[in-house]
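K.L.:
The chain contents come next:
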Amino acid sequence: MSQTETETETETVPDVATPTWEYDPAPEARELAHIRSSYGLFIDGEFVDPAGDGSFATIDPSTERHLAEVALAGGEDVDRAVAAARKAFGPWSAASGRDRGRYLFRLARLLAERAREFAVLESIDNGKPIRETRDIDVPTAAAHLFYHAGWADKLDWAGLGPQPRPLGVAGQVIPWNFPLLMLIWKIAPALACGNTVVIKPAETTPLSAMLFAELCQQAELPPGVVNIVTGAGETGAAIVSHGDVDKVAFTGSTAVGKAIQRELAGSGKRLTLELGGKAANVVFDDAPIDQAVEGIVDGIFFNQGHVCCAGSRLLVQENVHDLVVDKLKRRLETLRLGDPLDKNTDIGAINSAEQLERITSLVDIGEAEGGERWSPACELPSSGFWFAPTVFTGVGASSRIAVEEIFGPVLSVLTFRTPEEAVAKANNTPYGLSAGVWTEKGSRMFWMADRLEAGVVWANTFNRLDPTSPFGGYKESGFGREGGRHGLAAYLAAPALEG
Amino acid sequence: MATDRLDVRKTYKLYLGGRFPRSESGRTFEITDSKGRFLANAARASRKDVRDAVVAARKAQQGWAAATAYNRGQVLYRVAELLEGRRDQFVAEVAAAEGLSTRKATSQVDAAIDRWVHYAGWTDKYAQVDGGLNPVAGPYFDLSVPEPTGVVAAIAPQRSSLLGLTAVLAPLLVSGNTAVVVASERRALPAITLSEVLATSDVPGGVVNLLTGHVTELAPVLAGHLDVDALDLTGCTGTEVDTEELERLAAENVKRVVPAPAEEPAFDAGPAGPARILAFCETKTVWHPKGT
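Heads up: the sequence lines are chains A and B, in that order.
Take the first sequence: its letter number 474 is residue 474 in this note's numbering, and every next letter is one higher.
Just add 1000 to wherever you are in the second sequence, counting from 1, and you've got this note's numbering.
For the record, the hints were derived by calculation from the structure and aren't laboratory data.
Fair warning: there could be bad hints in the mix.
PhoX-like, lysine-lysine: derived pairs with alpha carbons at most 20 Å apart [as the list claims (entries may be wrong)]:
| hint | chain 1 | residue 1 | chain 2 | residue 2 |
| --- | --- | --- | --- | --- |
| 1 | B | K1125 | B | K1035 |
| 2 | A | K425 | B | K1059 |
| 3 | A | K441 | B | K1290 |
| 4 | B | K1048 | B | K1104 |
| 5 | B | K1059 | B | K1048 |
All figures in this text were calculated on a predicted structure; none of them were measured in a lab.
Could you put together the complete structure from these sequences and hints?
P.N.:
Next comes the structure, spelled out in structure tokens:
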């Protein structure tokens, strides 16, 4: 067949990459999630009313529908939760590792048994697609419990110093982007190591944490080992600064993380921080481009870009820039945005009006600074918080959308010519949480992996998480690791520095 | 007669970027022995000297980290070799600085030499001890390895002028960090003599930068410096410096901080495994798919 004939034939081949058919709605059963009209605090093994009469609403961000009233914990409530955790610490830390592990195994199983219910509830409260809560958030959370359950009676062999000891009461504050998964990332290693916890879920996503509290009761976890207090920033600050908290673990923005580090100065409290990111996703000209495009999409549009390790800066080798951007745009045309409970949905709702406002304002700045903005044709629902997947090309290295964490479905595309330039641009950020590299050349992959200042480097893949794999940042993305053997160190007394 | 000879005295200067400058401020301060007798003038480093030291440390960091682990081990071992050759000089200086008998000063110097040998042997081992393969639930090769944090600022212990300094400095060099160290304020001379050893060994210029001066003046500049990645406050114990304020300043760029201990550790007992090495390491995890 001659070249000419091939071309002629290609022109007549229908475009099968872009589906033209309509999808019927395929909603997951909303009724699976039993949402109560109001929620108390979970302290000392019981659901209790807060000392004050404060409460706040949690809503479904895809419809703005009111879901429930949630207790607002004040200083007195935090005192009570910390006291319960302190009281529980003695027996819990003295319990055998085997028994602590047994409780965690129970929790892992209970969570897996009610996985779909958790997935539906999480999608409703957070706005993320059921495909993600069902396939990632909930099963990964159960896996984390199962993994850490197994550590509880093996800490002596973890290589983290002789006679590993727990720290005491851990005060933990988590974000809204993976409400249940972050809850488990914090609770599982803390409990396995013999600590007790007071944890605050994010104010926009408290419901899965309160459902997890039910599991703690069903597992007959000793009262006070896990205490869950709901509220906003002030509640978190009360936990962090509480005099009887021995360890603070925070996941959230770099600005708040710095404030916490400042607050804890001189306190002797142990601290781990998992903060923001502005990950580079580096695509070389020899990369498997179609795979890379899938990775780019997964890297920035997974969970509406509400991911601290999101690949928000695409660095493409100059000679394949147009090819990659064209393919990326074609792929984005096929993404489906809408009802988070629809099994076909790829992009769900933005978590809150506040976050939508932040994304919108940064995107406006991106346009004002000369970036070329593009989104696929995409009808946004009339109510709820939505933002279409957005790609900026022609972005300057110092443009705010290339520098600041947007925490939304917004990708900035920059170019490079040489591997050295790619490294320099990738590392030119105060953040250092994650990075991606796409190339078929093994030696270059390892050369890049060596040089990228990031706690996690995904080579020809992106946004992979696993309980066995340590996760955490370099530089201003924080310190300490979550997951794997390294993650245990965050919940054990630091080994002596001198013999 | 030998005793008639007037000795040639040394001007003690800073060690910065592989060179021995005086403080840009032109200031010095008096160093006395344990009985208060004048020993020498030491350079009193300024804020500008700190900044120059951080620039030198940053410039040297990538190269030092890129050296092979075997090479870093040999370089650190070479420090021990040269220290051994100047053992008598260090014994005399440590005895004068710390008010020790020759026998006790000798044991301090020997322990310091041993400490360099000990850490020289860690360079190609700590990564295997701390890192490893993560058995993830999927077709991925998933590896975690410790990497140097970057530029580390350390306040050297105040009492143990040579052994304490070595115990803090050597481990942070193992992984490929570079250092800005503030020497013991009142027992500064052994530190400067150590920098002469570093300068004539194979430690590249800028990898270790040693400042003498007032800890209360220099430590806050290091703690607040945005190009310093980590802070070792071990040597703040026994000084007037406000360590709480240092920790607060360190938060500005999320520095990793080793806090000041309640009492200066007894360094004689030897290091507790790789703990000091790993205190200034970052865990990097690399995922790579497996497939045909």
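K.L.:
Given the hinted pair K1125(B) and K1035(B), is their alpha-carbon gap at most 20 Å?
P.N.:
44 Å, violated
K.L.:
With the threshold set at 20 Å, check whether the alpha-carbon distance from K425(A) to K1059(B) stays at or below it.
P.N.:
Holds - the C-alpha atoms of K1059(B) and K425(A) are around 18 Å apart, at most 20 Å.
K.L.:
For the pair supplied as a hint, K1059(B) and K1048(B), is the alpha-carbon distance within the 20 Å limit?
P.N.:
At roughly 17 Å apart (the allowed maximum being 20 Å), K1048(B) and K1059(B) satisfy the hint.
K.L.:
Would you check the hint for K441(A) and K1290(B), treating anything up to 20 Å between C-alpha atoms as holding?
P.N.:
Holds, at roughly 14 Å.
K.L.:
Hey, K1048(B) versus K1104(B), does the alpha-carbon distance stay inside 20 Å?
P.N.:
This hinted pair is violated, its Cα atoms lying about 37 Å apart.
The structure shown violates the earlier hints numbered 1, 4.
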